[in-house]
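*Asks:* Sequence:
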Amino acid sequence: MLQYNLEKDGYEVSAASDGIRAVAMAKQFLPDLVLLDIMMPGQDGVETCRQLKALAELKNTYVMMLTARSEEFTEVSAFNVGADDFIVKPIKPRALHSRIEAVMRRRVSRQTLPAVLQFKNLKIDREQYLVTCREEELNLPRKEFELLFFLAQSPNKVFDRDEILNAIWGSDVYVLARTVDVHVRKIREKIGDDFISTVKGVGYKFNNAD
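Residue numbers (my numbering): 6 to 215.
Just to be clear, a hint being listed does not mean it is correct.
[Claimed, not checked] Cross-link-like lysine-lysine pairs, in silico, BS3-like; alpha carbons within 27 Å at most: (1) 64 <-> 210; (2) 162 <-> 205; (3) 58 <-> 191; (4) 94 <-> 58; (5) 125 <-> 64; (6) 125 <-> 205; (7) 210 <-> 125; (8) 195 <-> 128; (9) 13 <-> 94; (10) 128 <-> 64; (11) 128 <-> 58; (12) 32 <-> 58; (13) 64 <-> 191; (14) 210 <-> 162; (15) 162 <-> 128; (16) 162 <-> 191; (17) 210 <-> 191; (18) 32 <-> 64; (19) 195 <-> 64; (20) 210 <-> 128; (21) 195 <-> 210; (22) 195 <-> 205; (23) 205 <-> 191; (24) 13 <-> 32; (25) 125 <-> 191; (26) 162 <-> 195; (27) 32 <-> 191; (28) 128 <-> 191.
Think of the hints as simulated: they come from the structure by calculation, not from any bench.
Put together the whole structure using the sequences plus the hints.
*Replies:* This is the structure we're talking about:
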């Protein structure tokens, strides 16, 4: 039914019966977006997402997780392996269509952003989704990269968590505010603590040390 509704909306859809097959098909077709159920035969959606995000050719593919469970640890686990969005079932077809359209709109809007942000000891290349920190190349998961780029394009400006959530996940997507904290922590693990500061009681800012 989900495949039928998406095809009816004009999307080209390929369906996989399990997680292992999903990875193989994604490598073949290089989709713009992957919908993954947490509970799948063979391997679960979290492991499947981790494998997809580890593939360089799929670094720009948006991964949306579907689950009947709404526990916070499930959502955090999904984001920890690079998931871009998280939807709790049952899913309303029109609501899902709106979420997918929002994803595609954000992909288009990013084309107007500068391709590269350059700072002392840090280079952020949006076209390659590549971060170079102290001459070391880093491949960040999609949402970590987008969050870093969002903060870095407005150095020293403080953003609260809601502003970050709306910019990175969209205002029409329900995501826990803690998700921002999880992503910032993981970014800091990769590039160090100097670039992103916590503004207590407010949110985060990117430090321009130039």
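*Asks:* Next step is simple, just say for each hint if it's right about the structure.
*Replies:* How the hints compare with the structure:
1. 64 <-> 210: 25 Å, holds
2. 162 <-> 205: This hinted pair holds, its Cα atoms lying about 14 Å apart.
3. 58 <-> 191: 15 Å, holds
4. 94 <-> 58: It holds: about 23 Å lies between the C-alpha atoms, which stays within 27 Å.
5. 125 <-> 64: 25 Å, holds
6. 125 <-> 205: 25 Å, holds
7. 210 <-> 125: Roughly 16 Å between the alpha carbons, so the hint for residue 210 and residue 125 holds.
8. 195 <-> 128: Holds, because 13 Å separates the two Cα atoms, which is no more than 27 Å.
9. 13 <-> 94: 20 Å, holds
10. 128 <-> 64: It holds: about 18 Å lies between the C-alpha atoms, which stays within 27 Å.
11. 128 <-> 58: 21 Å, holds
12. 32 <-> 58: 11 Å, holds
13. 64 <-> 191: 17 Å, holds
14. 210 <-> 162: Within the cut-off at roughly 6 Å; holds.
15. 162 <-> 128: Holds. Residue 162 to residue 128 sits at ~19 Å (cutoff 27 Å).
16. 162 <-> 191: Measuring from Cα to Cα gives roughly 21 Å; hence the hint holds.
17. 210 <-> 191: Holds, at about 15 Å.
18. 32 <-> 64: 11 Å, holds
19. 195 <-> 64: Holds - the C-alpha atoms of residue 64 and residue 195 are around 17 Å apart, at most 27 Å.
20. 210 <-> 128: 17 Å, holds
21. 195 <-> 210: 17 Å, holds
22. 195 <-> 205: With Cα atoms ~22 Å apart, residue 195 and residue 205 stay inside 27 Å; holds.
23. 205 <-> 191: Holds - the C-alpha atoms of residue 191 and residue 205 are around 19 Å apart, at most 27 Å.
24. 13 <-> 32: With Cα atoms ~24 Å apart, residue 13 and residue 32 stay inside 27 Å; holds.
25. 125 <-> 191: 21 Å, holds
26. 162 <-> 195: 22 Å, holds
27. 32 <-> 191: Holds: residue 32 and residue 191 sit about 26 Å apart, inside 27 Å.
28. 128 <-> 191: 18 Å, holds
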